[in-house]
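> Going down the list, the protein sequences come from chains B and G. All the letters of the first sequence, read from the start, carry residue numbers 528 to 641 under this note's numbering. All the letters of the second sequence, read from the start, carry residue numbers 68 to 182 under this note's numbering.
For the record, the hints were derived by calculation from the structure and aren't laboratory data. Predicted model, so just to flag it, every value in this text is computed and none were measured. Be a bit skeptical, because a hint or two may be false.
[To be verified] Distance condition first, Cα-Cα at most 35 Å in a straight line; then the derived DSBU-like pairs of lysine-lysine:
| no. | chain 1 | residue 1 | chain 2 | residue 2 |
| --- | --- | --- | --- | --- |
| 1 | B | LYS551 | B | LYS605 |
| 2 | G | LYS105 | B | LYS551 |
| 3 | B | LYS595 | G | LYS105 |
| 4 | G | LYS70 | B | LYS551 |
| 5 | G | LYS105 | B | LYS605 |
| 6 | G | LYS70 | B | LYS595 |
| 7 | G | LYS70 | B | LYS605 |
[To be verified] Cβ-to-Cβ under 10 Å is the rule here; a few derived chain G residues that face chain B:
| no. | residue |
| --- | --- |
| 8 | PRO108 |
| 9 | SER109 |
| 10 | GLU126 |
By construction, the Cβ of each residue, glycine as well, lies at the ideal position given by its N, Cα and C atoms.
What follows is each chain in one-letter form.
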Amino acid sequence: DAGVIQSPRHEVTEMGQEVTLRCKPISGHDYLFWYRQTMMRGLELLIYFNNNVPIDDSGMPEDRFSAKMPNASFSTLKIQPSEPRDSAVYFCASTQEGSNQPQHFGDGTRLSIL
Amino acid sequence: AQKVTQAQTEISVVEKEDVTLDCVYETRDTTYYLFWYKQPPSGELVFLIRRNSFDEQNEISGRYSWNFQKSTSSFNFTITASQVVDSAVYFCALSESQGAQKLVFGQGTRLTINP
Chain B
528 DAGVIQSPRH
538 EVTEMGQEVT
548 LRCKPISGHD
558 YLFWYRQTMM
568 RGLELLIYFN
578 NNVPIDDSGM
588 PEDRFSAKMP
598 NASFSTLKIQ
608 PSEPRDSAVY
618 FCASTQEGSN
628 QPQHFGDGTR
638 LSIL
Chain G
68 AQKVTQAQTE
78 ISVVEKEDVT
88 LDCVYETRDT
98 TYYLFWYKQP
108 PSGELVFLIR
118 RNSFDEQNEI
128 SGRYSWNFQK
138 STSSFNFTIT
148 ASQVVDSAVY
158 FCALSESQGA
168 QKLVFGQGTR
178 LTINP
């Protein structure tokens with residue numbers, strides 16, 4: 528079975544550019560999460576969706592960040608304009624309804640903003 | 068508010084030693100879930116175990132064991148006869164039961180097993 532698939536694995540871009548990260552959750556999973564991992568702040572939840580609807584975006588750092596889930600098999604996290612402090616590893620995770628099933632993580636996107 | 072504390076930032080042991088990773092949590096909920104994840108040097112996050120707050124039985128899976136104690140709000144993880152392949156960052160996480168399924172992670176413990 529395919530796990531959570533993220534693309535790209537690595538992204539290097541210059542400050543001010545738009546960055547789009549992509550995620551394909553595990554088929555049949557109702558929840559999708561976006562996390563950011565940095566040395567300073569550890570793993571932080573940015574936003575999560577249930578049945579394609581954003582439920583909690585309180586972790587999104589600022590208006591430069593946006594996330595969408597147009598269908599059950601695809602989500603994007605966009606940063607526009609990007610800044611050097613956005614450099615981090617971004618993880619997507621998915622899980623299914625019921626009794627707090629474990630979240631399954633993608634391999635992450637390592638983002639470097641120069 | 069929920070909080071997970073992993074006080075050990077880094078641990079280094081010699082292969083075959085036993086090692087325990089500590090996790091202390093805070094929550095106001097009576098129903099909650101605790102998790103451990105492993106992040107090897109390759110960077111992915113691997114699910115290890117989930118416990119709910121009503122199940123205080125210790126669990127053993129091969130060389131791994133988990134000790135859940137509600138009285139001390141702790142969910143500690145022990146690796147017996149450690150191996151070099153156990154080297155990774157280990158995260159403890161907490162989720163409350165109100166359907167949100169949001170995970171709050173501890174800061175992680177970097178475990179290095181030396182040959």
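> For each hint, tell me whether it holds in the structure or not.
Evaluated hints:
no.	hint	in the structure
1	B/LYS551 / B/LYS605	holds, 15 Å
2	G/LYS105 / B/LYS551	holds, 22 Å
3	B/LYS595 / G/LYS105	holds, 28 Å
4	G/LYS70 / B/LYS551	holds, 29 Å
5	G/LYS105 / B/LYS605	holds, 27 Å
6	G/LYS70 / B/LYS595	holds, 28 Å
7	G/LYS70 / B/LYS605	holds, 28 Å
8	PRO108	violated, 13 Å
9	SER109	holds, 8 Å
10	GLU126	violated, 14 Å
Violated hints for the displayed structure, listed by number in ascending order: 8 and 10.
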